[in-house]
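Peer 1: Chains as they are written, first to last, in our numbering: chain A, 1 to 261; chain B, 1 to 218.
In case anyone wonders, no lab produced these hints; they're calculated from the structure.
The reader is advised that the hints may include incorrect statements.
To be verified - Taking lysine-lysine and the DSSO-like style, the derived pairs with C-alpha atoms no more than 30 Å apart in a straight line are: (1) K31(A) with K32(B); (2) K37(A) with K87(B); (3) K22(B) with K31(A); (4) K212(B) with K31(A); (5) K32(B) with K37(A); (6) K84(B) with K37(A); (7) K83(B) with K44(A); (8) K141(B) with K37(A); (9) K50(A) with K37(A); (10) K83(B) with K37(A); (11) K103(A) with K187(A); (12) K36(A) with K84(B); (13) K22(B) with K84(B); (14) K36(A) with K54(B); (15) K44(A) with K212(B); (16) K36(A) with K32(B); (17) K148(A) with K103(A); (18) K31(A) with K138(B); (19) K36(A) with K80(B); (20) K141(B) with K26(B); (21) K138(B) with K36(A); (22) K26(B) with K44(A); (23) K22(B) with K32(B); (24) K37(A) with K138(B); (25) K44(A) with K32(B); (26) K80(B) with K44(A); (27) K141(B) with K36(A); (28) K31(A) with K141(B); (29) K26(B) with K31(A); (30) K138(B) with K187(A); (31) K141(B) with K44(A); (32) K87(B) with K31(A); (33) K31(A) with K84(B); (34) K80(B) with K141(B); (35) K31(A) with K80(B).
Model, not experiment: these values are computed from the prediction.
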Amino acid sequence: MQFSPSEIVNIIILATCVFLIAPVFLLIYIKEYLRKKRAHEEEKVILNQKFEAEVLKTQIEVQEQTMQTIAADLHDNIGQLLSLTALNLNSINIEHTEKAKQKIDNSIELVNNSIRELRALAKLMQAENILMMGLGTALQQEFDHVEKTGRYQLTINNQLLELNFVSPQKDLILLRLVQEIFNNIIKHSNANHITVDIQLREKYLDITITDDGIGFDVNKAGYNGLGLSSVRKRVEMVQGSLNINSVINKGTSIHIKLLYP
Amino acid sequence: MISSANILFEFICFVMALCFLKGNDKFTLFTKLYLGLVCITETSGFLWMMCTNKSNIWIFNIYILFEALYISFGLYHFIKPFKKNVKPLYIATYLIFIAVYLYGSFTRGFFKFQTTAIMVASVLIVFLCLYYYHNLMKSDKIISIRNNLGFWWVAAVLFFYFGSTVYNLFMNVIFSNKPFAYEILVYIMLTLNAILYGIWSYSFICSSRHQKLLTSSY
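With the sequences and hints as input, model every part of the structure.
Peer 2: Structure, rendered in structure tokens:
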């Protein structure tokens with residue numbers, strides 16, 4: 001097969017163009033790939049910043065919750081005990097030695113009770129330090145506090161108490177999550193009995209909180225207003241799954257599952 | 001006229017390197033030296049041809065030894081941040097080229113253009129360019145292409161050596177049998193040189209921009 005000179009020239013030009021176009025497409029592909037990689041990295045940084053901001057917000061909320069508890073405790077418990085002590089001491093008549101001794105003994109017992117309550121409050125104030133000791137301890141303290149009100153009967157299975165490792169950021173969010181669920185139960189459920197089951201199964205943490213309250217319609221629009229939207233958001237932050245089952249007048253069960261620590 | 005255009009491209013690139021390429025590293029030094037050598041080679045080849053009316057191929061045969069050395073060093077310099085043990089690859093590339101070059105010189109003579117050695121070098125250089133981009137894409141480092149000397153320097157090399165495949169393949173045939181196609185090959189080489197030195201000049205500007213960004217951020 002013979003080619004004319006012009007055909008050979010055309011072949012050379014065409015082949016050279018092909019050999020030049022190939023690197024152009026390769027470089028465009030690489031440039032696009034690097035651009036996407038850069039965008040992805042920037043997105044990761046933004047997400048990380050959002051997460052850190054959310055952790056900070058959660059930290060503040062935990063502190064607020066603690067302050068509310070302390071205020072309520074000071075007013076309802078320690079305040080009452082000290083008022084009673086003052087009343088007792090005021091009514092002492094030194095001439096009636098026997099009665100005075102009894103009243104002083106009563107006052108000493110009331111003061112001792114107040115000291116015990118104050119110690120418990122001091123512990124609560126160190127919520128972040130408690131988290132350093134482990135999520136199990138921090139949660140247990142929350143449960144104890146709710147139980148102490150005498151309004152609710154609690155059944156607790158807290159396997160986290162046996163753990164000796166922590167996950168600081170996740171722990172803070174989980175503590176706030178449980179606080180939020182308990183707040184919802186206290187505010188809306190009208191329950192008498194609360195069951196908490198916390199189990200760690202093959203690196204997965206299962207938290208199930210059940211109450212026997214009035215329940216609500218999970219599918220009904222607007223149930224997010226019950227504080228569940230922040231519960232949902234926090235579960236997403238710790239990359240967990242949330243499952244809510246509720247039957248009207250029977251109660252509610254909330255199940256959270258996540259990778260832990 | 002074509003030789004003058006080539007000398008002009010090379011000279012502009014050399015001036016750009018002197019103006020924009022700052023730093024005390026080996027790459028900066030070798031680039032300036034190499035581009036100076038390119039200008040000297042092209043000018044002396046042109047003058048030799050004009051004055052003696054004899055072939056200047058022997059000048060370019062000496063020059064390609066330095067060309068292969070500089071290009072493989074440049075690729076080694078840019079791949080090094082991604083791969084620690086890349087030196088053997090760079091040395092092997094140059095040794096293979098030298099072996100083919102010497103074999104060609106003994107069998108065909110020193111006064112004939114070392115087409116086979118150039119083709120082998122082109123294949124190895126294209127492979128190293130692709131290896132650089134592969135590592136760049138795999139790397140965790142985020143680079144700004146706008147200011148990246150390495151990306152554009154390697155791009156120019158890839159364009160030149162991949163684009164010159166047809167030139168290298170046809171050169172031997174054309175020199176002997178098809179003199180009518182000689183002119184088009186010369187124009188192709190002129191275009192490739194324009195691309196190579198044009199993108200290299202741009203890469204030196206990128207380097208200068210990057211340096212300015214670094215100094216302004218301190």
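Peer 1: If a hint holds in the structure, say so; if it does not, say that too.
Peer 2: Checked hints:
1. K31(A) with K32(B): 28 Å, holds
2. K37(A) with K87(B): Status holds; Cα separation ~28 Å.
3. K22(B) with K31(A): 25 Å, holds
4. K212(B) with K31(A): 23 Å, holds
5. K32(B) with K37(A): 34 Å, violated
6. K84(B) with K37(A): 23 Å, holds
7. K83(B) with K44(A): 26 Å, holds
8. K141(B) with K37(A): 10 Å, holds
9. K50(A) with K37(A): At roughly 20 Å apart (the allowed maximum being 30 Å), K37(A) and K50(A) satisfy the hint.
10. K83(B) with K37(A): 20 Å, holds
11. K103(A) with K187(A): 39 Å, violated
12. K36(A) with K84(B): 26 Å, holds
13. K22(B) with K84(B): 25 Å, holds
14. K36(A) with K54(B): 55 Å, violated
15. K44(A) with K212(B): 28 Å, holds
16. K36(A) with K32(B): Roughly 35 Å separates the two Cα atoms, so the pair is violated.
17. K148(A) with K103(A): With a Cα-Cα distance of about 27 Å, the restraint between K148(A) and K103(A) holds, given a limit of 30 Å.
18. K31(A) with K138(B): 13 Å, holds
19. K36(A) with K80(B): The given pair, whose Cα atoms are some 24 Å apart, holds under the 30 Å limit.
20. K141(B) with K26(B): Distance of about 23 Å is within 30 Å: holds.
21. K138(B) with K36(A): 13 Å, holds
22. K26(B) with K44(A): The hint is violated at about 37 Å.
23. K22(B) with K32(B): Judged against 30 Å, a Cα distance of about 10 Å means the pair holds.
24. K37(A) with K138(B): 10 Å, holds
25. K44(A) with K32(B): Cα-Cα ~41 Å, so violated.
26. K80(B) with K44(A): Roughly 28 Å separates the two Cα atoms, so the pair holds.
27. K141(B) with K36(A): With a Cα-Cα distance of about 13 Å, the restraint between K141(B) and K36(A) holds, given a limit of 30 Å.
28. K31(A) with K141(B): 14 Å, holds
29. K26(B) with K31(A): This hinted pair holds, its Cα atoms lying about 27 Å apart.
30. K138(B) with K187(A): Outside the cut-off at roughly 53 Å; violated.
31. K141(B) with K44(A): Holds, at about 14 Å.
32. K87(B) with K31(A): 27 Å, holds
33. K31(A) with K84(B): Holds, at roughly 24 Å.
34. K80(B) with K141(B): 14 Å, holds
35. K31(A) with K80(B): 21 Å, holds
Checked against the numbered hints given earlier, this structure breaks hints 5, 11, 14, 16, 22, 25, 30; the rest are met.
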